[in-house]
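Protein chains: 4
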Amino acid sequence: LDEILRTGKLSAAFEKELFTLASEAKNRSYAPYSKFRVGAAVIATSGNIYLGGNVESASYGATRCAEQTAFQKAVSEGDRRFLAVGVATDTDAFISPCGICRQFMVEFGKGVIVYNFKPDGTFKRYLLSELLPDSFGPEDLDRPRGQ
Amino acid sequence: LDEILRTGKLSAAFEKELFTLASEAKNRSYAPYSKFRVGAAVIATSGNIYLGGNVESASYGATRCAEQTAFQKAVSEGDRRFLAVGVATDTDAFISPCGICRQFMVEFGKGVIVYNFKPDGTFKRYLLSELLPDSFGPEDLDRPRGQ
Amino acid sequence: LDEILRTGKLSAAFEKELFTLASEAKNRSYAPYSKFRVGAAVIATSGNIYLGGNVESASYGATRCAEQTAFQKAVSEGDRRFLAVGVATDTDAFISPCGICRQFMVEFGKGVIVYNFKPDGTFKRYLLSELLPDSFGPEDLDRPRGQ
Amino acid sequence: LDEILRTGKLSAAFEKELFTLASEAKNRSYAPYSKFRVGAAVIATSGNIYLGGNVESASYGATRCAEQTAFQKAVSEGDRRFLAVGVATDTDAFISPCGICRQFMVEFGKGVIVYNFKPDGTFKRYLLSELLPDSFGPEDLDRPRGQ
Ligand SMILES: [Zn+2]
Ligand SMILES: [Zn+2]
Ligand SMILES: [Zn+2]
Ligand SMILES: [Zn+2]
Numbered sequence: 390l391d392e393i394l395r396t397g398k399l400s401a402a403f404e405k406e407l408f409t410l411a412s413e414a415k416n417r418s419y420a421p422y423s424k425f426r427v428g429a430a431v432i433a434t435s436g437n438i439y440l441g442g443n444v445e446s447a448s449y450g451a452t453r454c455a456e457q458t459a460f461q462k463a464v465s466e467g468d469r470r471f472l473a474v475g476v477a478t479d480t481d482a483f484i485s486p487c488g489i490c491r492q493f494m495v496e497f498g499k500g501v502i503v504y505n506f507k508p509d510g511t512f513k514r515y516l517l518s519e520l521l522p523d524s525f526g527p528e529d530l531d532r533p534r535g536q
Numbered sequence: 390l391d392e393i394l395r396t397g398k399l400s401a402a403f404e405k406e407l408f409t410l411a412s413e414a415k416n417r418s419y420a421p422y423s424k425f426r427v428g429a430a431v432i433a434t435s436g437n438i439y440l441g442g443n444v445e446s447a448s449y450g451a452t453r454c455a456e457q458t459a460f461q462k463a464v465s466e467g468d469r470r471f472l473a474v475g476v477a478t479d480t481d482a483f484i485s486p487c488g489i490c491r492q493f494m495v496e497f498g499k500g501v502i503v504y505n506f507k508p509d510g511t512f513k514r515y516l517l518s519e520l521l522p523d524s525f526g527p528e529d530l531d532r533p534r535g536q
Numbered sequence: 390l391d392e393i394l395r396t397g398k399l400s401a402a403f404e405k406e407l408f409t410l411a412s413e414a415k416n417r418s419y420a421p422y423s424k425f426r427v428g429a430a431v432i433a434t435s436g437n438i439y440l441g442g443n444v445e446s447a448s449y450g451a452t453r454c455a456e457q458t459a460f461q462k463a464v465s466e467g468d469r470r471f472l473a474v475g476v477a478t479d480t481d482a483f484i485s486p487c488g489i490c491r492q493f494m495v496e497f498g499k500g501v502i503v504y505n506f507k508p509d510g511t512f513k514r515y516l517l518s519e520l521l522p523d524s525f526g527p528e529d530l531d532r533p534r535g536q
Numbered sequence: 390l391d392e393i394l395r396t397g398k399l400s401a402a403f404e405k406e407l408f409t410l411a412s413e414a415k416n417r418s419y420a421p422y423s424k425f426r427v428g429a430a431v432i433a434t435s436g437n438i439y440l441g442g443n444v445e446s447a448s449y450g451a452t453r454c455a456e457q458t459a460f461q462k463a464v465s466e467g468d469r470r471f472l473a474v475g476v477a478t479d480t481d482a483f484i485s486p487c488g489i490c491r492q493f494m495v496e497f498g499k500g501v502i503v504y505n506f507k508p509d510g511t512f513k514r515y516l517l518s519e520l521l522p523d524s525f526g527p528e529d530l531d532r533p534r535g536q
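Residue numbers (the working numbering), protein chains in the order written: chain E, 390 to 536; chain X, 390 to 536; chain G, 390 to 536; chain W, 390 to 536.
Keep in mind the hints are simulated off the structure, nothing from the lab. Fair warning: there could be bad hints in the mix.
One copy or two, it doesn't matter: identical chains are merged, so the pair holds either way.
Claimed, not checked - Pairs of lysine-lysine residues, derived as BS3-like cross-links and limited to a Cα-Cα distance of at most 25 Å, are as follows:
(1) Lys499 to Lys424
(2) Lys424 to Lys398
(3) Lys499 to Lys513
(4) Lys507 to Lys405
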């Protein structure tokens with residue numbers, strides 16, 4: 390962890406661990422409607438790691454993504470700053486977090502590293518700020534209004 | 390737990406415990422916009438207990454309630470059936486889960502007992518089916534369509 | 390309209406009209422994932438009527454129900470108080486608004502009459518307060534907090 | 390409109406019109422909690438234009454942004470393809486659509502031009518694909534799964 394905090398990068402061993410954890414989280418997702426299982430694992434700056442799966446709802450609008458589950462857990466355990474989040478699915482493609490998740494995560498900082506893992510463990514890596522450029526965030530709500 | 394499963398009711402001691410846990414969850418909520426802190430504790434039929442706080446977002450629509458956090462945790466750990474959920478806030482009133490949470494929870498059964506706790510530990514108690522009568526749920530998505 | 394405002398009830402002719410409008414709204418819904426088409430028609434106290442269909446999203450959590458579409462239209466045209474809303478689907482059952490919609494609508498008053506129409510025009514009728522008892526609403530956010 | 394479709398660009402006159410419409414939509418927003426009023430105007434390829442304001446909810450998670458209102462209207466009137474959307478607020482800054490809205494809009498195409506208007510009518514302009522790079526969308530739900 391110290392090394393991550395110092396270098397701002399995850400070691401190859403840690404990336405592999407993140408893949409393993411996100412894949413494990415995927416196994417407990419509840420996705421009866423889309424059949425699209427997703428798992429997420431997030432590492433807080435505290436060193437704590439949280440896992441989450443997607444949880445769907447018959448009223449689709451109440452569906453919650455895996456990234457949200459992991460972050461909600463983390464935040465409600467007291468963590469507020471995060472280093473990296475890994476996302477795993479069953480499809481042979483690099484699946485990115487949806488816009489809702491990008492918005493949900495950016496609340497806690499733009500510098501989080503996002504890993505999109507294929508089932509074989511290969512990945513694409515981004516900064517959250519690259520996935521949600523010119524984001525809307527807490528700073529905007531504080532701006533003075535003309536009216 | 391066996392007693393709860395047998396009687397369908399929580400003992401007074403367990404209700405007190407549920408209040409303590411929901412209150413504890415409240416302490417780690419993230420509610421910078423509404424300043425309305427909420428904590429939730431849910432008991433699964435497995436005996437596992439999960440805590441969650443509300444997590445707000447500058448884009449209000451991405452705000453997630455405490456009940457959702459607790460249930461998302463629970464479901465993504467593998468639990469699918471629940472006995473009771475307790476909700477605690479800082480206001481001297483019996484605050485009920487919002488409609489989004491009622492919908493989110495009903496996915497996993499209508500018989501969950503919902504406790505709304507005041508800060509002094511007194512409560513109102515409902516079945517989820519009383520809070521969301523004639524609910525829309527998984528069974529509706531399977532109905533045959535005329536078209 | 391005057392009669393509705395005076396009696397708090399819709400005439401049979403108006404109920405039939407509401408069914409026709411909700412059914413029409415259903416025809417333009419966008420529901421490629423659930424194939425569950427829903428239409429809604431809402432009557433404001435101004436006499437204005439607004440139609441809406443459900444609009445789904447590949448990220449299920451961004452799915453918006455028909456009732457939301459109709460109410461969002463209405464509110465963003467300046468209406469704030471409503472008499473009745475009719476909901477139509479393709480299934481031979483009385484399909485109720487989901488909890489998200491009940492919450493969304495209760496923001497603008499608990500006394501709205503909700504009609505769940507079958508494709509043959511028969512209906513079940515509720516007050517919104519019956520569908521979301523002991524609701525959470527604007528009045529709760531204003532309560533004093535212990536902390 | 391023909392010129393827009395041919396050139397893929399809005400004329401300066403049309404951009405001014407879009408600003409006027411988005412600002413008008415803002416006047417009917419319902420934002421009692423954030424006091425952050427937003428208006429949106431969207432132009433469909435059919436030439437139809439739809440306005441929408443943000444509609445907030447005491448349960449913050451049920452809050453719907455202005456862009457969603459305008460797009461939900463449009464889709465539920467039968468439009469499915471869009472040229473441009475303009476967003477207006479009261480703050481002296483270029484406020485971008487949140488991630489939820491980016492996700493909601495990308496369902497209907499990545500090539501929509503997004504205008505963020507300041508109250509003085511100056512703007513920043515993006516393609517939606519620039520605001521939500523490597524987006525998650527309908528094409529992803531169709532991918533074959535390993536499981
Ligand atoms: Zn997501
Ligand atoms: Zn809630
Ligand atoms: Zn609904
Ligand atoms: Zn938005």
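Evaluation of the provided hints:
1. For a Cα distance limit of 25 Å, the shortest separation of Lys499 from Lys424 across copies, 23 Å, qualifies, whereas the shortest one inside one copy, 30 Å, does not.
2. Taking the shortest alpha-carbon separations for Lys424 and Lys398, neither the intra-copy value of 33 Å nor the inter-copy value of 35 Å comes in at or below 25 Å.
3. With identical chains, the CA atoms of Lys499 and Lys513 are at most 25 Å apart both within one copy (17 Å) and between copies (21 Å).
4. Proximity of Lys507 to Lys405 under the C-alpha cut-off of 25 Å is restricted to the intra-copy arrangement: shortest distance 12 Å within a copy versus 45 Å between copies.
Of the numbered hints stated above, the single one contradicted by the structure is hint 2.
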